[in-house]
Amino acid sequence: KKELETAKKDLKVAKERVADLERELEELKQNQEYLEKDVTELNKSLMARDSGDYVSGLKRQIRSLKEHNMTLERKLEVETANTKDVLEKKDSKIVSLEAEIRDLKYPTQAAVRGMFGFANRG
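For the sequence shown, the working numbering assigns the number 1 to the initial residue and increments by one for each residue that follows.
No lab work stands behind these hints, which were simulated from the structure alone.
All figures in this text were calculated on a predicted structure; none of them were measured in a lab.
Backbone N, C-alpha and C fix where the C-beta goes; we use that ideal spot for every residue, glycine too.
Fair warning: there could be bad hints in the mix.
FRET-style restraints, in silico, Cβ to Cβ [to be verified]:
no.: 1; residue 1: K9; residue 2: Y34; range: 36 to 44 Å
no.: 2; residue 1: R63; residue 2: R102; range: 52 to 60 Å
no.: 3; residue 1: E100; residue 2: R63; range: 49 to 57 Å
Each computed DSSO-like pair below joins lysine-lysine, with the alpha-carbon atoms no more than 27 Å apart [to be verified]:
no.: 4; residue 1: K90; residue 2: K1
no.: 5; residue 1: K105; residue 2: K9
no.: 6; residue 1: K84; residue 2: K8
no.: 7; residue 1: K9; residue 2: K90
no.: 8; residue 1: K75; residue 2: K89
no.: 9; residue 1: K9; residue 2: K89
no.: 10; residue 1: K15; residue 2: K1
Make a model of the complete structure from these sequences and hints.
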């Protein structure tokens, strides 16, 4: 029973982590949209500028931001997959423990007969 309670607590923590990761993913998506808008605006302003150094600097900065965004997305995917695995294991453990508790509370008819020696009567 203690294992069941621990597993339930772990499951709750894992679900909260998934919710946090989903919120973080949503924020990342919003940030990505903002960055894409910024890139579009920068591209427009770049056309208006004549300085090659300025343009190449901004392009490097954009490339760097895109790489950083992709890294964050990959990290989030890994964390989400890990959390999903943990949740599935915890769910399986809970089902197993609940079945064990049910079997202990309500033994089968054959088990009851065996306990009292009725099964060997002929």
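Task: Violated hints - listed by number, lowest first - done: Of the numbered hints, all hold.
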